[in-house]
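For the protein sequence lines, the chains are L and F, in the order given. Our numbering numbers the first residue of the first sequence as 1 and each following residue consecutively. Our numbering numbers the first residue of the second sequence as 1 and each following residue consecutively.
No false leads were slipped in.
No distinction is drawn between identical chains; accordingly, a pair holds when it is met within one copy or between any pair of copies.
Okay, derived cross-link-like pairs now, DSBU-like style, lysine-lysine, Cα gap no bigger than 30 Å in a straight line:
#: 1; residue 1: Lys-30; residue 2: Lys-239
#: 2; residue 1: Lys-279; residue 2: Lys-257
#: 3; residue 1: Lys-4; residue 2: Lys-64
#: 4; residue 1: Lys-239; residue 2: Lys-280
#: 5; residue 1: Lys-247; residue 2: Lys-272
#: 6; residue 1: Lys-301; residue 2: Lys-272
#: 7; residue 1: Lys-239; residue 2: Lys-57
#: 8; residue 1: Lys-26; residue 2: Lys-301
Calculated directly from the structure, the hints in this document are not laboratory data.
2 protein chains.
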Amino acid sequence: MDIKTIAKTISLIEDNSNQKKTILSKLYAKTGSAHRIGITGPPGAGKSSLINILIQKLRSKNKKVAVICIDPTSPFSGGAILGDRIRMLKHYSDPGVYIRSMASRNASGGLSLASSEASDVLDAHGFDVIIFETLGVGQVEIDVMNEADTVAVVLVPESGDDIQMMKSGLIEIADIYVVNKSDRSGANRLTTTLTNMLETNPNPIENNWDIPVLNTNALSNKGIDNLLDSINEHFRYMKTEGVLAIKTNDRYERQVKSTILARLSHFLWNDKNKTDFLKKELNKDISNRLSPIELVDLILKEEQY
Amino acid sequence: MDIKTIAKTISLIEDNSNQKKTILSKLYAKTGSAHRIGITGPPGAGKSSLINILIQKLRSKNKKVAVICIDPTSPFSGGAILGDRIRMLKHYSDPGVYIRSMASRNASGGLSLASSEASDVLDAHGFDVIIFETLGVGQVEIDVMNEADTVAVVLVPESGDDIQMMKSGLIEIADIYVVNKSDRSGANRLTTTLTNMLETNPNPIENNWDIPVLNTNALSNKGIDNLLDSINEHFRYMKTEGVLAIKTNDRYERQVKSTILARLSHFLWNDKNKTDFLKKELNKDISNRLSPIELVDLILKEEQY
Chain L
1 MDIKTIAKTI SLIEDNSNQK KTILSKLYAK TGSAHRIGIT GPPGAGKSSL INILIQKLRS
61 KNKKVAVICI DPTSPFSGGA ILGDRIRMLK HYSDPGVYIR SMASRNASGG LSLASSEASD
121 VLDAHGFDVI IFETLGVGQV EIDVMNEADT VAVVLVPESG DDIQMMKSGL IEIADIYVVN
181 KSDRSGANRL TTTLTNMLET NPNPIENNWD IPVLNTNALS NKGIDNLLDS INEHFRYMKT
241 EGVLAIKTND RYERQVKSTI LARLSHFLWN DKNKTDFLKK ELNKDISNRL SPIELVDLIL
301 KEEQY
Chain F
1 MDIKTIAKTI SLIEDNSNQK KTILSKLYAK TGSAHRIGIT GPPGAGKSSL INILIQKLRS
61 KNKKVAVICI DPTSPFSGGA ILGDRIRMLK HYSDPGVYIR SMASRNASGG LSLASSEASD
121 VLDAHGFDVI IFETLGVGQV EIDVMNEADT VAVVLVPESG DDIQMMKSGL IEIADIYVVN
181 KSDRSGANRL TTTLTNMLET NPNPIENNWD IPVLNTNALS NKGIDNLLDS INEHFRYMKT
241 EGVLAIKTND RYERQVKSTI LARLSHFLWN DKNKTDFLKK ELNKDISNRL SPIELVDLIL
301 KEEQY
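Construct the complete structure from the given sequences, taking the supplied hints into account.
Next comes the structure, spelled out in structure tokens:
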């Protein structure tokens, strides 16, 4: 399948087309070979430059690489962030590289479901490495990172100031820490802080994995081989210890549950009966309305829940 | 109802106790008086200090004030963020002030539903102002801000560097911009940037509201009266233009929909039949499994969806 067909397939899934079910049903059995890597961190940490070099290194080993860039909610931010990713564009003519942006807005069932389904398409069609790139530490971004097998959190020496933000959620999902732009002052201090913080691995299913803290400099190509070695080592570790199977099963379970919720929600709110119940209450004054929770009972009674 | 009883009531709701339905059913009709204010912005912007002064000002006008602090997901971050809020503690002995932290973890139906329900309790029990404080720009935080009537986004001159992050989502939810620590260099430049960015109000239901960009300095008490005036003016604006009624109805609708999804999800995954379907697939190799979407069909067929 060529890149254009793959792009079209992912769009059909993302847009919830009629063909979605047929497409996804056929390909799931062919998944399970790709290494799904999440790369996240604050803006300005140099994630795009790092991914760009990783693509080059992986291509030189003849690996097929896909990147799914998760964009924040706002239409306002499109420009700035795409600009940051422009340097990945040089790979667009390479049929072994596929780069796609996904935005929060048009994902039914959530962006993590959409990115998970897209990566199944890529996995089934022979991509060896699928990179999810997210920005920051929101719940949506963390949910997307959970779809990856290996998560690298990229920080810069200046991130010490963002330690509050960095701590919120990120520390629990990192398999590898990267201190990028490590020639800048403060790099050693951040490396030490992280190393001390990581005395125990907070991930209960990965307690035999020692989270490395790596120094890189994407622009001068420093530490990139090390990073790639750690990424591969984590993949091997997960296979040996059965962690990969657990993550694959968790991903399956999340896909099933998210799809069911999206489907039920769609079903309920396309039912005229249900929306009429809601409209009727909304037309009353607050003091005369059923409480939201009583209306829920009324709506679900019909469904015998 | 005294503060202790209110705290216990909110806990019963948050913990999904048997009394939740009775409590929420009784009080909804008594809501509709409070002004729900969201205050958000990056870490270090001085939100807690600002809220602290707002509490003082509102108390001097004899208004009852509640603050719901939304904490990021991580247990690791607890310390740092609570430390930042310690200065609010001096209000703890004042029966006209109620301060509560809510964490992402134990909220069934999401943190925005939990905070919305908690604010209904406070509204029904005579709190005039309910402040939601969130940190950063994740989807969860934006969802919580959507539960507020008036959203103030607090930035500092240094936030210019965070413009990417700031843009992502925040710009669409701000009713008021606050440039705090405005004595620092860069404040004028940020104010100008924001003013230029705001030539049109991106909020379709509030296109007659000119989003102000205010300068404050929480520590020297500068600009706080102005901020409070703008907050009150926005409340009056919403009442006059019917915007408040729309927001109240949207909040009602979101509560109903989130509660239904939480209830259906709970129902489905407590059904042994459904979990057996899932377990059966998880025990097969990927190449022999039903795809997630086919399993969804199988599970929902029983429910005739």
